Amino acid sequence: GAVVSQHPSRVICKSGTSVKIECRSLDFQATTMFWYRQFPKQSLMLMATSNEGSKATYEQGVEKDKFLINHASLTLSTLTVTSAHPEDSSFYICSARESPVRLSNQPQHFGDGTRLSIL
Amino acid sequence: DAKTTQPPSMDCAEGRAANLPCNHSTISGNEYVYWYRQIHSQGPQYIIHGLKNNETNEMASLIITEDRKSSTLILPHATLRDTAVYYCIVRTASYDKVIFGPGTSLSVIP
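Protein sequence lines correspond, in order, to chains B and P. Okay, so the first sequence: first residue is -18 according to my numbering, each after it adds one. Okay, so the second sequence: first residue is 8 according to my numbering, each after it adds one.
Only chain B is shown next, with the shape it has when bound in the complex (with noise of 0.2 Å):
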């Protein structure tokens, strides 16, 4: 079945670091991926869609400047934390949907999830 692997699974930084993290789709293409945190106890919140060769759509409230998302290819979406705080540790997860799509109502899929922790 469809895989969307993320990296790195789990990292740990210093406040006012910048961090990266990968989504790769690994036996299909994905022109859409989208983005999520989730805190504990709480439910997956999407923050933004990923759209490649163009820019994120981000949901409301959310900071474009804060979170930056870059969708280069067909297999790739990186979500840079920018100056991360203690507040931005959180889970973050990443889904994509294969592209084109060969049946409408084919289900997304998700990564297994960064964990962030901001010292």
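To be clear, the hints were calculated from the coordinates, so they are not data collected in a lab. Only a predicted model underlies this, so the values are computations on that prediction, with no experimental measurement involved. Note that beta-carbon positions come from the ideal geometry of N, C-alpha and C, so glycine has one too. Some hints could be false.
Output of the computed footprint for chain B on chain P, the stretches with three or more beta carbons under 8 Å from beta carbons of chain B [as the list claims (entries may be wrong)]:
hint, region
1, 13 to 22
2, 48 to 58
Listed next, the in silico DSS-like pairs over lysine-lysine satisfying Cα-Cα at most 30 Å (straight line) [to be verified]:
hint, chain 1, residue 1, chain 2, residue 2
3, P, K104, P, K10
4, B, K22, P, K76
5, P, K10, B, K22
6, B, K(-5), B, K36
7, B, K47, P, K104
8, P, K104, B, K22
9, B, K1, P, K10
10, P, K104, P, K76
11, B, K45, B, K22
12, B, K45, P, K104
13, B, K36, P, K10
14, B, K45, P, K10
15, P, K104, B, K36
For chain B, the structure is supplied; the task is to place chain P on it using the hints.
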């Protein structure tokens, strides 16, 4: 997207069938019902989806009522590894975003 409501938590004895309900009374004709689950500290895993017919795969069965206002995910023989948060999501096929509600936290008990 139509909104869904699920019970916040459920228990199920190991080896028994787990029946997870979902209400989606405002679902429209072109919206599918999708189920995902999230095991602790992992990304969500796709389980099954359907439009109006019942569906079955190697993981689960999906029963959709005739009026499509509710559905039930059935795990036929629950194991401890099925302990997870289960999310019922309704969306149109062409709408990419997957918006998660609180889901149902299923605990499978030995």
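Results of checking the hints against the structure:
Requiring three or more residues with a Cβ within less than 8 Å of a Cβ of chain B, the coverage given for the region 13 to 22 of chain P is violated, as only 0 such residues are present. Residues of the region 48 to 58 of chain P with a Cβ under 8 Å from some Cβ of chain B number 8, which satisfies the need for three, so the listed coverage holds. Proposed proximity of K104(P) and K10(P) is supported: the alpha carbons are some 14 Å apart, at most 30 Å. Of the pairs offered as hints, the one joining K22(B) and K76(P) holds, with about 28 Å between alpha carbons and a cut-off of 30 Å not exceeded.
For the hint pairing K10(P) with K22(B), the CA-to-CA distance comes to about 21 Å; that is within 30 Å, so the pair holds. Only pairs whose Cα atoms come within 30 Å are accepted, and K(-5)(B) paired with K36(B) is accepted, the gap being roughly 29 Å. The suggested pairing of K47(B) with K104(P) holds, with an alpha-carbon distance near 21 Å, which does not exceed 30 Å. Pair hint K104(P) plus K22(B) holds up; C-alpha atoms about 22 Å apart against a cutoff of 30 Å.
For the hint pairing K1(B) with K10(P), the CA-to-CA distance comes to about 33 Å; that exceeds 30 Å, so the pair is violated. Under the criterion of a C-alpha separation no larger than 30 Å, the hint pairing K104(P) with K76(P) is consistent with the structure, at around 21 Å. Taking the CA atoms of K45(B) and K22(B), the gap is about 25 Å. The hint holds against a cut of 30 Å. Restraint check for K45(B) and K104(P): satisfied, since their Cα atoms lie roughly 18 Å apart, inside the 30 Å limit.
For the given pair, K36(B) sits about 29 Å from K10(P) by alpha-carbon distance, which is consistent with the 30 Å threshold. With a CA separation close to 27 Å, the supplied pair K45(B) and K10(P) stays within the 30 Å bound. In summary, the hint linking K104(P) to K36(B) is supported, as the alpha carbons are separated by about 16 Å, within the 30 Å threshold.
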